Amino acid sequence: MSSVASDEGVAVPTGETEGSYLQDGYTIRSWLLTTDHKRIALLYLGSITIFFFIGGIAAALVRLNLLVPEGLLGSEEAYNRLFTMHGIVMVWFFLVPAVPVTLGNFVIPLMLGARDLAFPRLNLFSWYLFMAGGAITLWALFAGGVDTGWTFYTPLSTAYAKGHVVLAAVGIFISGFSSIATGLNFIVTIHRLRAPGYTWYKLPVFIWSMYSLSVLLVLATPVLAITLLLVMLERLFHVGVFDPSIGGDPLLFQHLFWFYSHPAVYMMILPGFGVVSEIIPAFSRKRLFGYKFVAWASISIAVISFFVWGHHMFVAGTSIYSAVLFSILSYLVAVPSAIKVFNWLGTMHKGYISFDAPMLYALGFIGLFTIGGLTGLWVAALAADVHLTQTYFVVAHFHYIMVGGMVSAFFAGLHYWWPKITGKLYPEMWARIAALIMFIGFNLTFFPQFILGYLGMPRRYFSYAPEFQVLNVLSSAGATILAAAYLMPLGYLLWSLVYGERAPANPWGATGLEWQTRSPPPTINFLRTPVITQDPYSYQPPEPVQHGG
Amino acid sequence: MAASPTLAHGFQYAGPSHQAETAVAGMWLFLATEVLLFGGLILSWIYARHFNPLGFAAGARETELRVGTLNTAILISSSFTYALGLSFLRAGNSRRLLHCLALTLLLGAAFLALKFGLEWHDDFRNHLFPTDARFKIVGAENGGARLFFSFYFIGTALHGLHMTVGVALVIWIILRARRGEFSARYHTPVHLVGLYWSFVDIVWLALYPLIYLIR
Amino acid sequence: MRQTGTQPKTPPDVGRLLLTWVLLLVLGGVEFGASFLPIGHSMRPLIAVPGVLMIILVAVNFMEVGKGPVIVRAFAVAAAFWLLVLLALGSADPLSRTDYYVPRVTAVAEH
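Protein chains in written order, with this note's numbering: chain A, 68 to 616; chain B, 137 to 351; chain C, 150 to 260.
Simulated from the structure, these hints should not be mistaken for lab results.
Predicted model only: the values in this text are computed from it and were never measured.
Just to be clear, a hint being listed does not mean it is correct.
Each computed SDA-like pair below joins lysine to any residue, with the alpha-carbon atoms no more than 20 Å apart [to be verified]: (1) A:K229 / A:P311; (2) C:K216 / A:H258; (3) A:K269 / A:W582; (4) A:K491 / A:Q583; (5) B:K272 / B:Y332; (6) B:K272 / B:N262; (7) C:K216 / B:G151; (8) C:K216 / B:T199; (9) C:K216 / B:H327; (10) A:K229 / A:L303; (11) C:K216 / B:Y332; (12) A:K491 / A:G576; (13) A:K417 / A:Y606; (14) A:K269 / A:P597; (15) A:K491 / A:Q90; (16) A:K417 / A:I433; (17) A:K417 / A:G434; (18) A:K229 / A:G154; (19) A:K359 / A:H416; (20) C:K216 / B:R226; (21) A:K491 / A:L112; (22) B:K272 / A:F304; (23) C:K216 / B:Y322; (24) C:K216 / B:N262; (25) C:K216 / B:E200; (26) B:K272 / A:S312; (27) C:K216 / B:K272; (28) A:K491 / A:L110; (29) C:K216 / B:P325.
Construct the entire structure; sequences and hints are all you get.
Put into structure tokens, the structure is as follows:
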């Protein structure tokens, strides 16, 4: 990247008045050694797409196995390794990174009126950490895998499991530092690099959501790091604190693991909330209803999510008193999420709604997340959880949130900001068809699982009782439709890169600073530092159409 | 990162002090993550001690209290010498900075030598490593004592790793200071390494009572 | 910011740093001494209280948490708060669990 020293000694990149960030260097070196947050976002986008398909193939094989009650694949061990691979790859290498490292990295500096993140080289380093962790984990999984489930419970993982536990743990450990680096970068950027006039209550909710997410990333992930380290040490050197034969408490692992992993699920969904909070006002042509409530709800979710982890351990043998405490706190954490849902609906009420693809995905998010969230309340109730835990009910609950919610939100954001990122418009008709197929395929896959769970089908079992077969076949059929729906965007988005219409700076007529610069943006984002005077989401209703008579 | 006397700063910052303060904020946030890292380890201490009170105490009695206490005094002093050095630099006295950094390095090296050269060596000789087939404490207290020493070895190893990184960073600062890269106007790396160094001291201040005093 | 003079100066906060150092050693001595007192098993963790004071002293006087931008203090408080949540809420289970006694297993599980 060529640059020139200005009078104050600042190295300002030149050549930016003509080209975009995509034209600022065509060599592989200029991509692999970039510190431009926009290019790093694209590097990440490529990586997580690959991980998404690997995790998806594992899921496809799982659903294939469950077509017949005896298990089609013929091997329990293989099945265990497949669902473990699916969980590990999807959680740590797709869901946790997805929106933050792609859309977050790209959009946050633009939304703030900044020229880059606070620590651009740390940003590049975090991508390399992610790739290193991912490579090691994939090596572990393809060299034979792990059969403990993505949750690595002790003493199975530390003492009895065959498989590459330590290698997988090392990969996840390394990628954890990538998360911490990203979260740190975001928090410092949001505090320190806002454009002049940008007070906190003028920021888009996406920023509040990404800030909340980053708090989770920096405070919860280190606990995962020490937990995995303890598992590795115990498994490798038998020096450990989880071994019951010397008085260690295996439940300590679960406490430490879920202290991270419950905030982790909020890490996965908060960015989705942020994306939806941008899209609903834009496609309803109306201000976000209850802006301050939505903003503070994000912060509340981040804080309270640290207090609820025990609800994953209701039947593990913890004390009943701590279980009651965690159950009450889990009900509390549902409140801010519900506030958001009502505020989105309030935004749409008497709005001027258009059903472009981002809006379709966002609407799907609201419906599916609500179902997932409500069923979460059922499993948060102690007595109900005794029946529902470790069944397909829980599987359906979290897939409604993660896939119905988060993946929909990811696609919503990807389509919404695609014109800004690539400078091209995707084909709207195909996008709407894909969104619809995804919605149908998703519900067909996961709704039967609620029923299966209620009827008592356990999760993580290679085979099942014959009376569950019809629902399982429906679920697997749905999975096929869902897979097709995921392949469609891969197709038409890539197509749009070459044949798509050129995008204007603001194809949606949306508010927000990122729409005030070109599509795609120049490397330094803004040719002149913007000054903020307006409130966010200052949408005006469209001009009324004049009718004769 | 600016290294030249003209105090160039990154193009996303408003000025050198904006960048310096941002770097300091970033370091504090990183140290906050480290608090949680060691926090998980402390929770394991709580569990091990709670469920195995007698064995845990029996293990704790085998620690070398004098070496541990001396090491605590050494680390406290090294934090002092570093802070002193930074203070001298801010007053314009680069020579004193180098003296203080050298003293800090010496104290840090002394800590590592005492901890890993002397104390760990003695611990292994006394059959206190938890997987030692001839572990020193037998009978009902064997499990709890082994849990204690699991915590001890993991905790001191993790802390020692952080100290070693700290020592390397202090050496790096000394080399840069000798090249005259720091002044009263620009010394952000010195400040950042000082924060890290004091933090490693803080971790030890937390581990010291857990290992040597509470039992 | 201080002047860059040619005469090496003693900075004004040497006294404060020196006092902090002495205080830290004293508190360390108090902690060390307290560990010899006949305190019951469940109260012994209180011996660490001087240690907590020492940590605060280091953070305030050596790390200067009070100076610099406000978020530095926010980060430090957040770290302390979340550590407390981890330790307190994490201890809720063992402290309230009913232990059912199981006879000692003599054979160690095979790894």
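**Report entry** Pair hint K216 (chain C) and K272 (chain B), alpha-carbon separation not exceeding 20 Å
**Finding:** 50 Å, violated
Report task. For the pair we were handed, K216 (chain C) and R226 (chain B), check the Cα-Cα distance against 20 Å. Result -> 14 Å, holds
Query raised in the report: Taken at face value, is the distance from the CA of N262 (chain B) to the CA of K216 (chain C) at most 20 Å?
Result: 47 Å, violated
Query raised in the report: CA of K229 (chain A) to CA of P311 (chain A), is that 20 Å or under?
Result: 19 Å, holds
Query raised in the report: Straight-line Cα separation of K491 (chain A) and G576 (chain A) no greater than 20 Å?
Result: OK: K491 (chain A) and G576 (chain A) at ~16 Å, within 20 Å.
Query raised in the report: Under the criterion that the straight-line Cα-Cα distance not exceed 20 Å, is the pair K272 (chain B), Y332 (chain B) satisfied?
Result: 37 Å, violated
Report task. For the pair supplied as a hint, K272 (chain B) and F304 (chain A), confirm whether the alpha-carbon distance does not exceed 20 Å. Result -> Between K272 (chain B) and F304 (chain A) the Cα gap is close to 18 Å, so the pair holds against 20 Å.
Query raised in the report: Taken at face value, is the distance from the CA of H416 (chain A) to the CA of K359 (chain A) at most 20 Å?
Result: Holds: K359 (chain A) and H416 (chain A) sit about 18 Å apart, inside 20 Å.
**Report entry** Given hint G434 (chain A) paired with K417 (chain A) - CA-CA distance at most 20 Å
**Finding:** It holds: about 19 Å lies between the C-alpha atoms, which stays within 20 Å.
Query raised in the report: Straight-line Cα separation of K417 (chain A) and Y606 (chain A) no greater than 20 Å?
Result: 13 Å, holds
Query raised in the report: Between K229 (chain A) and L303 (chain A), does the CA-CA distance stay at or below 20 Å?
Result: Roughly 13 Å separates the two Cα atoms, so the pair holds.
Query raised in the report: Taken at face value, is the distance from the CA of Y332 (chain B) to the CA of K216 (chain C) at most 20 Å?
Result: 16 Å, holds
The structure does not agree with the numbered hints 5, 8, 24, 25 and 27 stated previously, though it agrees with the rest.
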